[in-house]
Amino acid sequence: MKRTLLILGAVVAAAAAGGATAWMVLRAAQGGTRIEYVERSGGEEPRTPRLGAHFTSYDKEAYPDLTYAAENAVKAVVNIEVVQEIERQRRRYDPFLEFFGIPQGFGEPYREERRGGGSGVIISADGYIVTNNHVVDQATRLRVKLNDGRRFDAEVVGTDPATDVALIRIEAEGLPTLPFGSSDALRLGEWVLAIGSPFDLQSTITAGIVSAKARQLGAIPDDFSIESFIQTDAAVNPGNSGGALVNARGELVGVNTLIKSQTGSYIGYSFAIPETIVRKVVVDLKEYGVVQRALLGIAYNYVDQNFLDAKGEELGIDGLGGVYVASVQEGGAASEGGVRKGDVIVAVDGVRLDGPSVLQEQIAQRRPNDRVKLSVKRGGTVKQIDVTLRNKAGKTDLITREDVDVVEALGGRFADAGTKLCRELEIDGGVQVVGVKTGGILARARVREGFVITHINDRPVRSLQEMQRMTDKISSIDGIYPNGRSASYVLVE
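Sequential numbering of the sequence shown, starting at -14, is according to my numbering.
Simulated from the structure, these hints should not be mistaken for lab results.
Warning: the hint list may mix true and false statements.
[To be verified] Okay, derived cross-link-like pairs now, EDC-like style, lysine to aspartate or glutamate, Cα gap no bigger than 20 Å in a straight line:
id: 1; residue 1: K458; residue 2: E411
id: 2; residue 1: K271; residue 2: E158
id: 3; residue 1: K362; residue 2: E321
id: 4; residue 1: K130; residue 2: E66
id: 5; residue 1: K130; residue 2: D111
id: 6; residue 1: K198; residue 2: D218
id: 7; residue 1: K271; residue 2: D138
id: 8; residue 1: K422; residue 2: E434
id: 9; residue 1: K130; residue 2: E140
id: 10; residue 1: K380; residue 2: E315
id: 11; residue 1: K358; residue 2: E321
Given the sequences, and given the hints that come with them, work out the whole structure.
Here is the structure:
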């Protein structure tokens, strides 16, 4: 009881103090000080516009108003419910057998459902929705809930693990959409909104600023990932994946993808795939069913201070920025255009390579047979080199659904078999399996980690680069395990 009285006493005292302040302001006003009245639902409230010498007059146009963007963009952001069916086997249990250490065995298989969720953005009135690949990956069923409460079953149109972008569709017409903006035009410090369904709280809007651009984190679990994230301080949590990053004009400038946190929840950093990459991947998936990935055909190192300290003097490089060409793929786009090992590429079509992921982002926006102009520093001078980009098979043709992405189809992580391992196994070369992913050919064939692939479809595979350039449907895999045991796997339809 005493505690309650103390609190009430504090409230009364505060009210009295407030009344005294209002009286003094009014009295001062009678002496000539202007009072500004602000309309309130409960009446008028006096406010002095200048409370100290360090304050400036209030200018409405100088402050961001995000209500227009929020109220319009939220209508086009959806919640995605994901159901994944997993087959399991019941383990038989017999205490008698267990007592004597006799194996128990397994009973009949059964199916178990796992549920998850994420967000998506409607990009066309006829039901196309962009989201993250990791939201829909291995989903058995997808259910989309619109902002107005309607629900629809969805189908996957296509996915791109390398950028973590996916395109799905629902059967509906006249849907609200979110127009694409320009992620290239984003400025550091610019206000943005993150809209999604964190912790299944649909239509949640948070605000922040653009903290950095072209971040490369090594976070996408794909051997050929393309990363150039927009970093913001808008609060993003599990469930926001696939949701919209929106500028103050209500335009889609990115797709929220991940957070960098030791706890798994937001602590100040969130990252989005830029619109430049999202738009290109979505158009490819709609038009071709697959992503038209252009390749420059080089291995490179970004020229930062660490690179200069380690190799700058040896290589004769003394300026920051650009990428050092460590090797050139024979027959690739760069090689055919005249790029050489030791060159430093400083710009692509006039865009300076002032970050480690800028080159990757610029090439990711283009398709095979597109031409780019490289600004190349060689021998102290900068020259312009025109290059025609190529596909993974080293050709300028666009690929089709029938052309297979061998690495994706195999479903694993790979590395070149080293010289030592090749010598021990007495092979000319190969690609070692360093990880097996669920649902791929390797998993279905029960290929174990460590296996060295030497042939696919009876064609020699001496390096990961060679395997990447294959596009034929896989019918057989041959190789050898590190213990020397050879193995062949034949795929039967």
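These are the hints, each one checked on the structure:
1. K458 x E411: 28 Å, violated
2. K271 x E158: 17 Å, holds
3. K362 x E321: Satisfied, since the Cα-Cα distance of roughly 18 Å is no more than 20 Å.
4. K130 x E66: 8 Å, holds
5. K130 x D111: Answer holds: K130 to D111 is near 15 Å, not above 20 Å.
6. K198 x D218: Holds, at roughly 12 Å.
7. K271 x D138: Measuring from Cα to Cα gives roughly 19 Å; hence the hint holds.
8. K422 x E434: 10 Å, holds
9. K130 x E140: The hint holds at about 14 Å.
10. K380 x E315: 12 Å, holds
11. K358 x E321: Status holds; Cα separation ~13 Å.
Checked against the numbered hints listed earlier, the structure breaks hint 1 alone; every other hint is satisfied.
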